[in-house]
Amino acid sequence: MKPAAFDYIAPTSLEAAVAALAAANGDGKVLAGGQSLMPLLNFRMARPAILIDLMHVPGMSFIESRGDKVAIGAMTRHADLEFSELVAAKLPVMAAAMRHVAHLAIRNKGTIGGSLSHADPAAELPMLAVFYGATIRVQGPERRRDIPAEDFFVSALTNCLDPEEIVFEIEFPVLRSHAGWAFEEVARRFGDFALASIAVSFELLDRQIADARVAVMGVADTPRRLREAETALQGLQGSPEAAAGFAGVVRSCLTPESDIHVSAEYRINLIGALAEKAFTAAWTRAAGQLP
Amino acid sequence: MDARGGTVAVKMDIVVTVNGRKYAASVEPRLLLSDFIRDTIGLTGTHVGCEHGVCGACTILVNGDSVRSCLTLAVRADGAEIVTVEGLGTPDELNTIQTQFREKHGLQCGFCTPGMLMTAMDLLKKYPLSSDDEIREGLSGNLCRCTGYQNIVAAIRAAADLRDGSSR
Numbered sequence: 001m002k003p004a005a006f007d008y009i010a011p012t013s014l015e016a017a018v019a020a021l022a023a024a025n026g027d028g029k030v031l032a033g034g035q036s037l038m039p040l041l042n043f044r045m046a047r048p049a050i051l052i053d054l055m056h057v058p059g060m061s062f063i064e065s066r067g068d069k070v071a072i073g074a075m076t077r078h079a080d081l082e083f084s085e086l087v088a089a090k091l092p093v094m095a096a097a098m099r100h101v102a103h104l105a106i107r108n109k110g111t112i113g114g115s116l117s118h119a120d121p122a123a124e125l126p127m128l129a130v131f132y133g134a135t136i137r138v139q140g141p142e143r144r145r146d147i148p149a150e151d152f153f154v155s156a157l158t159n160c161l162d163p164e165e166i167v168f169e170i171e172f173p174v175l176r177s178h179a180g181w182a183f184e185e186v187a188r189r190f191g192d193f194a195l196a197s198i199a200v201s202f203e204l205l206d207r208q209i210a211d212a213r214v215a216v217m218g219v220a221d222t223p224r225r226l227r228e229a230e231t232a233l234q235g236l237q238g239s240p241e242a243a244a245g246f247a248g249v250v251r252s253c254l255t256p257e258s259d260i261h262v263s264a265e266y267r268i269n270l271i272g273a274l275a276e277k278a279f280t281a282a283w284t285r286a287a288g289q290l291p
Numbered sequence: 001m002d003a004r005g006g007t008v009a010v011k012m013d014i015v016v017t018v019n020g021r022k023y024a025a026s027v028e029p030r031l032l033l034s035d036f037i038r039d040t041i042g043l044t045g046t047h048v049g050c051e052h053g054v055c056g057a058c059t060i061l062v063n064g065d066s067v068r069s070c071l072t073l074a075v076r077a078d079g080a081e082i083v084t085v086e087g088l089g090t091p092d093e094l095n096t097i098q099t100q101f102r103e104k105h106g107l108q109c110g111f112c113t114p115g116m117l118m119t120a121m122d123l124l125k126k127y128p129l130s131s132d133d134e135i136r137e138g139l140s141g142n143l144c145r146c147t148g149y150q151n152i153v154a155a156i157r158a159a160a161d162l163r164d165g166s167s168r
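Chains W and D, in that order, give the protein sequences.
Number 271 in my numbering belongs to position 271 of the first sequence; there are no gaps in the numbering.
Number 27 in my numbering belongs to position 27 of the second sequence; there are no gaps in the numbering.
The set of hints was computed from the structure by calculation and includes no laboratory data.
Remember, it's a predicted structure, so these values are computed and weren't measured experimentally.
Glycine included, each C-beta is placed from N, C-alpha and C at the ideal position.
There may be inaccurate statements among the hints.
To be verified - Below 20 Å or equal to it, Euclidean Cα-Cα: the simulated SDA-like pairs (lysine to any residue) are: (1) D:K11 with W:P11; (2) W:K2 with D:E28; (3) D:K126 with W:A95.
Claimed, not checked - Pulled from the structure, derived: some chain D residues nowhere near chain W, Cβ distances all over 10 Å: (4) G42; (5) G45; (6) G53; (7) T59; (8) V83; (9) T99; (10) K104; (11) Q108; (12) Q150.
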């Protein structure tokens with residue numbers, strides 16, 4: 001047996017799952033898709049007394065249009081998002097990012113709620129939640145609360161949940177317009193965690209950039225929205241100089257660290273190169289839609 | 001008692017259909033699906049490499065989807081339909097993908113092959129695989145230390161062309 005022994009329950013309601021987590025007194029772990037937790041268990045880096053499996057909680061796997069938002073159940077699998085027509089139509093940046101989420105066999109099990117809760121700073125779904133300004137909805141023993149994605153991620157692998165809270169759904173605002181958008185990522189091997197990644201979207205008004213949105217990951221201990229870079233994009237038009245200027249602003253917002261894979265210097269150059277590429281791709285896409 | 005000082009959890013009864021045959025067993029919750037398949041029911045075609053979801057050797061199909069069996073608990077497979085490499089074809093009658101792996105020399109030592117085949121089954125079902133780059137992306141979660149991947153890609157290319165009724 002690889003994992004240390006644990007008790008296991010698979011409750012059939014969210015309330016029962018929260019109650020079981022509270023009863024575990026900090027020694028319980030919630031099992032969603034298991035694609036981050038199972039390796040930790042196999043290495044015995046995590047040794048919970050009890051696993052609370054959400055697989056039999058009904059109504060936690062769905063993708064639905066809800067006014068100007070798309071609501072996604074926490075147990076929705078990455079593969080469901082990857083192949084969803086609703087996601088492709090309403091959340092194009094997410095649709096483009098999904099094939100970068102690990103590998104098909106992982107996407108077939110891994111869930112959005114699990115990925116957000118795990119809070120890896122180089123994982124796509126936390127970054128997408130920050131990019132879109134998603135609301136992460138959680139159930140506790142006494143009440144539900146809604147947490148803005150930017151408040152949810154505290155540091156690497158650390159979220160702001162109370163010990164007995166469970167994410168049950170996520171609401172992604174549909175961007176009013178996303179005429180231009182791009183998602184760029186570099187990983188050591190396709191599907192691995194990102195060394196650096198950037199998402200960009202904007203609208204064009206009178207052939208000038210408006211309503212820009214920029215988020216990055218892999219270059220800080222949480223995914224980050226870069227408001228300074230968003231401001232810098234306002235009013236710009238596409239040109240090689242504008243792309244280079246945008247990359248400069250993105251680089252100036254960040255102080256990434258070195259790790260076993262690459263140096264800080266490599267990473268800052270990489271995010272700059274990706275910013276330039278993303279700007280150009282987004283502009284090209286937007287320009288194609290001009291009359 | 002286990003090393004942690006806790007009692008071993010109560011065993012749970014599961015029934016799993018593997019390659020069309022039903023298996024009933026009583027298992028500890030911590031038993032990995034990969035160990036259930038290899039040790040409990042004795043189907044050793046599924047290979048176990050890294051046991052933390054990186055190498056892809058243990059990939060199987062659960063309810064039609066490719067899954068890392070080392071990242072799944074056996075108790076979660078209760079009621080599931082599983083296909084392992086033993087369910088693809090027989091030595092006398094290989095299935096299409098197995099045939100193409102043989103034709104194109106898509107294996108050397110064979111350790112990664114079961115995972116490659118099961119991954120290929122799912123890729124062929126879900127993706128156009130219109131370029132070799134797309135095949136390589138699809139295989140990025142399966143490690144092979146012998147072949148350099150070239151002939152594995154060629155085998156899946158050939159299987160995709162057969163699927164689409166075309167040859168390039």
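Structure-based check of each hint:
no.: 1; hint: D:K11 with W:P11; result: 17 Å, holds
no.: 2; hint: W:K2 with D:E28; result: 12 Å, holds
no.: 3; hint: D:K126 with W:A95; result: 16 Å, holds
no.: 4; hint: G42; result: 17 Å, holds
no.: 5; hint: G45; result: 17 Å, holds
no.: 6; hint: G53; result: 5 Å, violated
no.: 7; hint: T59; result: 5 Å, violated
no.: 8; hint: V83; result: 13 Å, holds
no.: 9; hint: T99; result: 22 Å, holds
no.: 10; hint: K104; result: 21 Å, holds
no.: 11; hint: Q108; result: 21 Å, holds
no.: 12; hint: Q150; result: 17 Å, holds
Of the numbered hints given earlier, the model fails hints 6, 7; all others are met.
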